[in-house]
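Q: Could you slot chain B onto chain A? The hints should help.
If you read the sequences in order, they're chains A and B. Quick note: the first sequence, position 104, residue 104 per this note's numbering, numbers continuous. Quick note: the second sequence, position 70, residue 70 per this note's numbering, numbers continuous.
It is possible that part of the hints are untrue.
As the list claims (entries may be wrong) - Pairs of lysine-lysine residues, derived as DSSO-like cross-links and limited to a Cα-Cα distance of at most 27 Å, are as follows:
| no. | chain 1 | residue 1 | chain 2 | residue 2 |
| --- | --- | --- | --- | --- |
| 1 | B | K3 | A | K3 |
| 2 | A | K120 | B | K3 |
| 3 | B | K98 | B | K47 |
| 4 | B | K198 | B | K83 |
| 5 | B | K35 | B | K48 |
| 6 | B | K156 | B | K197 |
| 7 | B | K98 | B | K167 |
| 8 | B | K46 | B | K97 |
| 9 | B | K138 | A | K163 |
Said to hold, decoys possible - Okay, the calculated bits of chain A under chain B, using three or more residues with CB under 8 Å as the criterion:
| no. | segment |
| --- | --- |
| 10 | 66-80 |
| 11 | 84-93 |
Bear in mind the hints are in silico, worked out from the structure with no lab data behind them. For each residue, glycine too, the CB sits at the ideal point set by N, CA and C.
Residue strings, one per chain:
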Amino acid sequence: MKKLNIFTKGFFKENAVFVMMLGLCPTLGTTTSAINGLGMGLATTFVLVMSNIVISLVKRQIPDQVRIPSFIVIIASFVTIVELVMQAYVPDLYDVLGLFIPLIVVNCIILGRAEAFASKNNAFDSMLDGLGMGLGFAMALTILGSVREILGSGSIFNISIYKGDGALVFVLAPGAFIVLGYLIALINRLSEKA
Amino acid sequence: MAKQRESTFVNMVVVLFLVSAIAAIALAFVYQATKEPIAKSKLEKKKKAIRNVVSEFDNNPIEDMFKIPVEGADSVECYPAKKEGKIVGYAVKTYSKKGFGGLISVMIGFDPDGHIHKTAVLEHHETPGLGDKMQRSKSTFSNQFDNLDVPNISDKDNDGIIIEVTKDQGTVDAITAATISSRAFCDATERAYNAFKKIKK
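If we strip away everything but chain A, and leave its shape as in the complex, we get (with noise of 0.2 Å):
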């Protein structure tokens, strides 16, 4: 049982959006449509679990004293491989995303996982945990992003609901805000409840 509540105590009880409002500027940026959202919630899901898996394989063999910069060094080359290969195997998304991608290495959720868990926890809980933080935030992301797409675009996936262009500030900053807010509100106030 306590197994399982590591997978899932990153989509609900300790998601990284709603809850605990980690990485918030790829989330406030990325998310103008609900595959952006998705595409970036995907990418740092992988970044999250390979580097809570290796950093938790080696975590004996790096001195206290350089374990910052060493686990740096270790998301910031599964941030690369991840950019390397969206650029060669899906270049639409990546045009999209844009700078976005690199700036995963400095995603709080990332280091964050890897300072309180996967550096005091064994690979398979750390691959666990990774996913589930992953998962969840990739989760939040779509929904905001499907919320922004449907309010600011008049389409969800690509696909049109309504005809007409939305209105136009739920695509731009100001809106990801806004959305955001309401959505943390509304996630505050089913939880008073339950």
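A: Chain B only, in chain A's frame:
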């Protein structure tokens, strides 16, 4: 329970070296593996850009590519588009170094009579939300270049440049708060037209 490796000077240096070395090797490997697919997708993007900016053609413009020298030692690539042997347009891959974020690369399609058929931005490093509006998908800025009758634009301020923003006595409506990017786009277009003039003779 194994002990955590101590933070002695030697340990730290060795571990940092090993971590970086292994990372470098892994990345070199992935770079090699993705080099070809990345080159392929860049080529596809180029083909798509050419198809976007000139009228329908049935030859292979990339094969028939030739270079036109521009100022200094630079040159631009020109892709002729033919239908049934006759020229239907030229796609010129032009650039400008005057972008706000540096080099911008634009594909400009010319009709045989010098009208601009259509344009497509290939590469840029402009500010998202401002200069990136030169992209067709982000704003209608580039639409004003479609069907532009370049040969008949007058050079109002006699500085030898005909495609300019209104701030410089030209006819192009710049992107609000992105004059530098707009100027760079005009510079790239002007360069392409000057190159095009050389083959028109």
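Q: Look at each hint and say if it fits the structure.
A: So, going through the hints one by one against the coordinates:
1. For the proposed pair B/K3 and A/K3, the alpha carbon gap of about 25 Å is at most 27 Å, so the pair holds.
2. Under the criterion of a C-alpha separation no larger than 27 Å, the hint pairing A/K120 with B/K3 is consistent with the structure, at around 13 Å.
3. Under the criterion of a C-alpha separation no larger than 27 Å, the hint pairing B/K98 with B/K47 is consistent with the structure, at around 25 Å.
4. For the suggested pair B/K198 and B/K83, the alpha carbons sit about 22 Å apart, so the restraint of at most 27 Å is met.
5. Proposed proximity of B/K35 and B/K48 is supported: the alpha carbons are some 20 Å apart, at most 27 Å.
6. Simply put, B/K156 and B/K197 have alpha-carbon atoms about 20 Å apart, close enough for the 27 Å limit, and the pair holds.
7. Taking the CA atoms of B/K98 and B/K167, the gap is near 16 Å; set against the 27 Å cutoff, the hint holds.
8. Of the pairs offered as hints, the one joining B/K46 and B/K97 holds, with about 20 Å between alpha carbons and a cut-off of 27 Å not exceeded.
9. Of the supplied pair hints, the one linking B/K138 and A/K163 holds, its CA atoms being roughly 20 Å apart against a limit of 27 Å.
10. Given as covered by chain B, the segment 66-80 of chain A passes the check, having 8 residues with a CB less than 8 Å from a CB of that chain where 3 are the minimum.
11. Coverage of the segment 84-93 of chain A by chain B holds in this model, with 6 residues showing a Cβ closer than 8 Å to a Cβ of that chain against a need of three.
Hint compliance for this structure: no hint is broken.
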